[in-house]
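Please build the complex by placing chain P with the ligands on the supplied structure of chain X, with the hints as guidance.
Chains X and P are the protein sequences, given in the same order. Take the first sequence: its position 33, counting from 1, is numbered 33 in our numbering, and each next residue is one higher. Take the second sequence: its position 100, counting from 1, is numbered 1100 in our numbering, and each next residue is one higher.
Some clues are possibly wrong.
[Stated by the list, open to error] What follows is a list of derived Cβ distance ranges for each label pair:
no., chain 1, residue 1, chain 2, residue 2, range
1, X, Ala85, P, Ser1136, 32 to 42 Å
2, P, Ser1016, X, Asp139, 50 to 60 Å
3, P, Trp1380, X, Leu191, 50 to 60 Å
4, P, Asn1008, X, Gln264, 56 to 66 Å
5, X, Ser24, P, Thr1125, 47 to 57 Å
6, X, Ala18, P, Leu1184, 50 to 60 Å
7, X, Ile108, P, Asp1327, 38 to 48 Å
8, X, Ile108, P, Ser1016, 18 to 28 Å
9, X, Leu191, P, Asn1069, 28 to 38 Å
The hints are simulated quantities; they were obtained by calculation from the structure and are not laboratory data. Keep in mind the model is a prediction, meaning the values are calculated, not measured. Virtual Cβ for every residue (Gly too), placed ideally from N, Cα, C.
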Amino acid sequence: MHRAARLNVSGVLINAAALVLVLSYALPYIYLLMTSIKPAADVQQIPPSFFPAVVSFENFREVLRSSTLPRAFVNSLTVAVLTTALSLSVAVTAAYVATQYRRRVTTIFLLFALVTRMVPSVALGVPLFQLLKSLGLLDTIPGLVLAHTSAAVPLALLLMSAFFEGVPKELEEAARMDGCTRFQAFRKIILPVMTGGMAVTALFTFITSWNEFLYALLLTSEATKTAPIVIAEYNSVYGLAWGAMTAAAVLYSLPVIIVTLALQKQIVGGLTFGAVKG
Amino acid sequence: MAGIELCNINKVYGNSFHALHDLSFDIRDGEFMVFVGPSGCGKSTALRMIAGLESITSGELRIGDRLVNDVDPKDRDIAMVFQSYALYPHKTVRENIAFPLLMAGLPKTEIASRVDEAARILELTALLDRRPALLSGGQRQRVAMGRAIVRKPAAFLMDEPLSNLDAKLRVQMRAEIASLQRKLNVTTIYVTHDQVEAMTMGDRVAVMKGGVLQQVDTPQNLYNRPDNVFVAAFIGSPSMNLYEAVLNGTTLTLGSNSFEIPDRVFEYRPSLGGASSRRVIVGIRPEHMNDAAIRPSSAEISAPVTLVEALGSESMVHLNIDAPRVDAGDPDAVADIGSKKAAVARFSPKSLVRAGDIARIAVDAEELHFFQPDSRTSIW
Ligand SMILES: Nc1ncnc2c1ncn2[C@@H]1O[C@H](COP(=O)(O)OP(=O)(O)OP(=O)(O)O)[C@@H](O)[C@H]1O
Ligand SMILES: [Mg+2]
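Okay, chain X solo, but in the shape it has when bound:
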């Protein structure tokens, strides 16, 4: 009896703590949502209200009417998808070799990949600008994809290495005994086992690129501006268009939410490494 009661109390406490935590993350976003469906005129009302007095989709119509935001969305999506594909193909193969054929040089290689993460991206922005300029890739999709990939690969490499560490070496060896070349063993056995880990890595890479601001600001000007840049510009070019900005931000957050929900199962599986056991 006593024991059950105590368990219940701690259960309530844990749930309360979880609720506080979730709210502290969710409240700003909920406020953003609420603001985006207020009439444009009410957005800067004093004192501010949390809930809209009237629900209006005026802000959404406004941002979708101009062609700037939709085009920026297409740019963002293209860059993020290509960055994810490129980063993943680099990180998965490199991490596999680095973990399965461990030598001193592979350890050093992984370490250096990490070091590049420690340099602030502002410091890398200017040389990157020069580099892309000399390659004629300024303000192009491939240029930005390369820049984002350079930023995303270290983390992807690290994640994939951690996932590969959890794959027993015998799995590859069994496949080789069963008639696979090393590459076939990798493709037919190791990769399918790693789907959870790759989903997690892909998601982080996608979000890195999707949210990236600084490189996009430095390396694009007109044709390939991504959405974060355009959203930021609502407060300069159009005066103080808070309403439009919130609506654009809501729209912008949707893909990440959708992708996260879609990959939820793989992410949990990948993060707990349960996928490789057996």
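Chain P with the ligands only, in chain X's frame:
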């Protein structure tokens, strides 16, 4: 199907550790060969070299007369069962077993019928659509076996396939694997550090120690005619009792005890006799020491009893024989016997000796083993 021939095989690992020294022996077509030895003696290394998963530093490896030193594992026509089973977690049991056939490019109908047959032999039919994660340890072990037998390879390699099972299942699977091997008649190399597995399963057993092959022979011969002190102590449980002793003509002096060695011993060990006062290592198996009160003998010694373990069918009597004990160099033996000091005798359960007694022990002197004290090899 094919025999396997190892000729002066050496393995030096990247960190310049010399794991195998001049390993040479033949495994006949269809033979069940067991590699046994204490942990770290190089059993897995040898097996992995035969599999092609580990490079061969020097020497020649032939599978069915083909030199395979530099042949890729996939082209050696060998199936392997891993200690961890290494089942493919994302594939069902059926897909796991079918995988090697798929890689071999067999037609679908052929694959299906072969998988069904393997499943029937291993009683896996009901589990074919499950994933490995939902199987018990014994079932996983069977799937691993299925993946090996379905291919009808030239040879099976198994690296401690039963060590992850509980004791009862291990005994059962031990018999099943042995009878399956006999039925399929495929050359098999089986690695274990369990000498009971080695003795019960193998047509022949290769005993290894520190990367050096000690002896290859049938289980009976290993037990009855060990080549050296290590094999003598490693094979048999409890281990053979080994002591330094002095042989003077036909009289053996073991600590404060002396007794006569029968003439027959000198007949089948001709190089034992002749010398006066010669130092030897004498080996006495536990079953060759009995309670003199029950089975008197011409060769008797007396020793204090330190412990009696009554097992029902027999009693393990620990004796404190006052001669210098010989360490056979088997790290596992210590844990095996418990007390390093004591000799162990296998008495009839009718024996009345108790701890603290000074027991009269009848030694079966015809069954003694003799070794050179320096080279530690058998004296024949
Ligand atoms: N990749 C490696 N690099 C260096 N040394 C190694 C390597 N693999 C094994 N060894 C060493 O080689 C020796 C033999 O190892 P091996 O795995 O063959 O032993 P084993 O007889 O199978 O032992 P166990 O019964 O514990 O499995 C050991 O001393 C081990 O430390
Ligand atoms: Mg081993």
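Here's how the hints hold up against the structure:
1. X:Ala85 <-> P:Ser1136: 32 to 42 Å: holds, 41 Å
2. P:Ser1016 <-> X:Asp139: 50 to 60 Å: holds, 56 Å
3. P:Trp1380 <-> X:Leu191: 50 to 60 Å: Holds: the Cβ-Cβ distance is about 59 Å, inside 50 to 60 Å.
4. P:Asn1008 <-> X:Gln264: 56 to 66 Å: Once the Cβ atoms are compared, 58 Å apart, the range 56 to 66 Å for X:Gln264 and P:Asn1008 holds.
5. X:Ser24 <-> P:Thr1125: 47 to 57 Å: Holds: the Cβ-Cβ distance is about 55 Å, inside 47 to 57 Å.
6. X:Ala18 <-> P:Leu1184: 50 to 60 Å: holds, 58 Å
7. X:Ile108 <-> P:Asp1327: 38 to 48 Å: holds, 45 Å
8. X:Ile108 <-> P:Ser1016: 18 to 28 Å: Holds - the Cβ-Cβ distance for X:Ile108 and P:Ser1016, about 21 Å, lies within 18 to 28 Å.
9. X:Leu191 <-> P:Asn1069: 28 to 38 Å: holds, 31 Å
Checked against the numbered hints above, the structure violates none of them.
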